[in-house]
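Enquirer: Okay, here's what each chain looks like letter by letter:
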Amino acid sequence: MDRRASGRLEAEVLAVLWASPEPVSAEEVRVRLGGGLAHTTVSTILARLHAKGAVIRELVSRNYVYRPVLDEAGLVASRMRALLEDQRDRTGVLSQFVAGLDRRALEALRQALEGEGGR
Amino acid sequence: MSASLLIWSGAALVSCAGFALLAPSVARRAPACLAAWTLSLGSLVLAAVSVALPLVLFVVLLGQWEPVAAMGHWSAHLVRARVTVPAAILALGTVVLAGQGLLLVQAAWREARALSDAWRLARRSMGALVVLPDERPTVFALPGWPGRIVAAQQLLQALSTSEIRVVLAHEQAHLDGRHELHRAAVSLASALNPVLRPARGAIGLATERWADERAARLVGDRALVARTIGHVARVCGREIPAAPTMAAAGPGEALRVEALLRPPLGRRTLLTATLAVLALVPAGAAVRALSQTNDLFQRAERAYGTSAPVPFPPTPISAKASEHP
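Chains as they are written, first to last, in our numbering: chain Y, 1 to 119; chain G, 1001 to 1325.
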């Protein structure tokens, strides 16, 4: 697996952990990621994240369950938000996935999605 | 060095306006990667032209000034004789150049600070993904070495795993493609020449579409990417009040969805080529003006000795006394 793909998987695993309200096992992470990943691939990523201190794990009925840890960058979240807000109009260095929609744009979006059976 | 310089300056302005006018439709309809490169490089070329022409006006004005000519050993008389552009226009060019200098310093400072802020924050995170636990739903790419993806926990909880994969692939595409540099380039260019301002919105759309395309290729499902844009917009849209600036940015998402769902439009070669020509023709004119200026000053240097005879050896005080014996 090349470095880029493994970085992407790492981000996906972290996203799954953060999206879940409870600690999850490696097997649950694998199932939620889908896409036919091997159990060892997921375990390896979780072990690496654990070694970096990005997740903590505990034993629950002879199985490890994983919980994400707020890192230093997350702790300066307010600064990130401030940076983003500061940027929005003056420069374009940061790009948000969606820039915030007005009603008209949302309507256009809804119409564009209708033919596709949007949720 | 004459009226043709003024004609070319006017033509360059018209080119910039045409470039700005076509930029949004290139961003919408041309292949996203091609559109982004054409917009960022074209803006930089046009910005360089926008500086080069006032620079020529300033230089030929300065060259007519005796003390400067004496220092540079050229004939101010010859420069004056050859330059037929009215002094008022030359002065105007100088004022424009000074204004551009100020704007460039200001914009470069702003962009550099924004980039370095982002890089500093990116360095402080451990993993590929930074999660903000107590924030309104948002997700963005934080450029750096390596760059990071920042997402609010609320957003991750609202999305399905396949949607999360789309969002992460999209943001990773911004980081891998260094899209922030394309945006910074257009931002700087439009600071130097405000006529180019519409290109800023266009480069934003082009880079978002570029990231959408990369994400679509990765997950192999364009409709999923389109639905994810819609879903994230709804999750974020409820929280972010519609401010006037955002209303201006709003239709971007609708255009991205439209681009993902419509059948491919082909390469739009003519449209993109027009944009490139609009940038390159004034560049040729600017290069010509610069080389003409260079020629003028070389000629003026050769004329220096002849039109203003200097006694040899130059002994200024005694020479003056012995001039009319």
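By construction, these hints were calculated from the structure, which means they are not laboratory data. None of these values were measured; they are calculated from a predicted model. Possibly wrong hints are sitting among the right ones.
Ranges between beta-carbon positions, derived for each pair [as the list claims (entries may be wrong)]:
(1) R67/Y / S1116/G: 31 to 39 angstroms
(2) R48/Y / R1288/G: 30 to 38 angstroms
(3) P21/Y / P1263/G: 26 to 34 angstroms
(4) A1276/G / A47/Y: 46 to 54 angstroms
(5) Y64/Y / R1123/G: 25 to 33 angstroms
(6) A47/Y / L1261/G: 34 to 42 angstroms
(7) V1105/G / P21/Y: 46 to 54 angstroms
(8) P1194/G / S6/Y: 29 to 37 angstroms
The C-beta atom is built at its ideal place from N, Cα and C for all residues, glycine as well.
Enquirer: Each hint should be assessed against the structure and marked as holding or not.
Expert: Evaluation of the provided hints:
1. Between R67/Y and S1116/G the beta carbons are some 33 angstroms apart, a value that agrees with the proposed interval 31 to 39 angstroms.
2. Range check, R48/Y to R1288/G: about 59 angstroms between beta-carbon atoms, so the 30 to 38 angstroms window is missed.
3. Distance hint check: the CB atoms of P21/Y and P1263/G are about 41 angstroms apart, inconsistent with the given range 26 to 34 angstroms.
4. The hinted range of 46 to 54 angstroms is satisfied by A1276/G and A47/Y, whose Cβ atoms lie roughly 50 angstroms apart.
5. Under the hint 25 to 33 angstroms, the C-beta atoms of Y64/Y and R1123/G, about 30 angstroms apart, fit the expected range.
6. For the pair A47/Y and L1261/G, the beta carbons lie near 41 angstroms from each other, so the given range of 34 to 42 angstroms is met.
7. Here the CB-CB span from V1105/G to P21/Y is close to 50 angstroms, well matched to the stated 46 to 54 angstroms.
8. Between P1194/G and S6/Y the beta carbons are some 45 angstroms apart, a value that contradicts the proposed interval 29 to 37 angstroms.
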